[in-house]
Amino acid sequence: MKIKRCPTCGGKIKIYYDHEPGDEVYCEDCEKEFQLMSLSPIVLESFGRDEEYYFEEDEY
Numbered sequence: 318m319k320i321k322r323c324p325t326c327g328g329k330i331k332i333y334y335d336h337e338p339g340d341e342v343y344c345e346d347c348e349k350e351f352q353l354m355s356l357s358p359i360v361l362e363s364f365g366r367d368e369e370y371y372f373e374e375d376e377y
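Counting with my numbering, you get residues 318 to 377 for the letters of the sequence shown.
The reader is advised that the hints may include incorrect statements.
Pairs of lysine to aspartate or glutamate, DMTMM-like flavour, derived with a Cα cap of 25 Å [claimed, not checked]: (1) Lys331 x Glu345; (2) Lys319 x Glu350; (3) Lys321 x Glu350; (4) Lys329 x Glu341; (5) Lys319 x Glu345; (6) Lys319 x Glu341; (7) Lys331 x Glu362; (8) Lys319 x Asp340; (9) Lys349 x Asp335; (10) Lys321 x Asp346; (11) Lys331 x Asp346.
The hints are simulated quantities; they were obtained by calculation from the structure and are not laboratory data.
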């Protein structure tokens with residue numbers, strides 16, 4: 318297993334030996350998701366799920 322630092326918060330992103338380019342990985346601290354682009358060197362790309370989710374309250 319390799320550790321990459323999150324570019325957003327500096328937290329740990331674990332890259333396991335069975336990961337392949339194209340896999341999704343995430344930061345344990347801020348839970349931001351990244352796509353693994355390359356293993357040597359490790360290159361991450363923001364996954365693009367930064368938007369907030371809002372739910373409308375039920376009206377009674």
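Verification of the supplied hints:
With a C-alpha separation of about 8 Å, the suggested pair Lys331 and Glu345 falls inside the 25 Å cut-off, and the hint holds. A threshold of 25 Å between alpha carbons decides the hint, and for Lys319 with Glu350 the separation of about 17 Å falls inside it, so the pair holds. Taking the CA atoms of Lys321 and Glu350, the gap is near 13 Å; set against the 25 Å cutoff, the hint holds. Using a Cα cut-off of 25 Å, the hinted pair Lys329 and Glu341 holds, with the two alpha carbons roughly 14 Å apart.
As the CA atoms of Lys319 and Glu345 are separated by approximately 14 Å, the hinted pair is consistent with the 25 Å bound. Proposed proximity of Lys319 and Glu341 is supported: the alpha carbons are some 15 Å apart, at most 25 Å. In summary, the hint linking Lys331 to Glu362 is supported, as the alpha carbons are separated by about 15 Å, within the 25 Å threshold. Between the alpha carbons of Lys319 and Asp340 the distance comes to roughly 15 Å, so the proposed pair stays at or under 25 Å and holds.
Taking the CA atoms of Lys349 and Asp335, the gap is about 21 Å. The hint holds against a cut of 25 Å. Straight-line distance between C-alpha atoms of Lys321 and Asp346 comes to about 12 Å, which keeps the hinted pair within the 25 Å bound. Our distance criterion of 25 Å between C-alpha atoms is met by Lys331 and Asp346, whose separation comes to about 11 Å.
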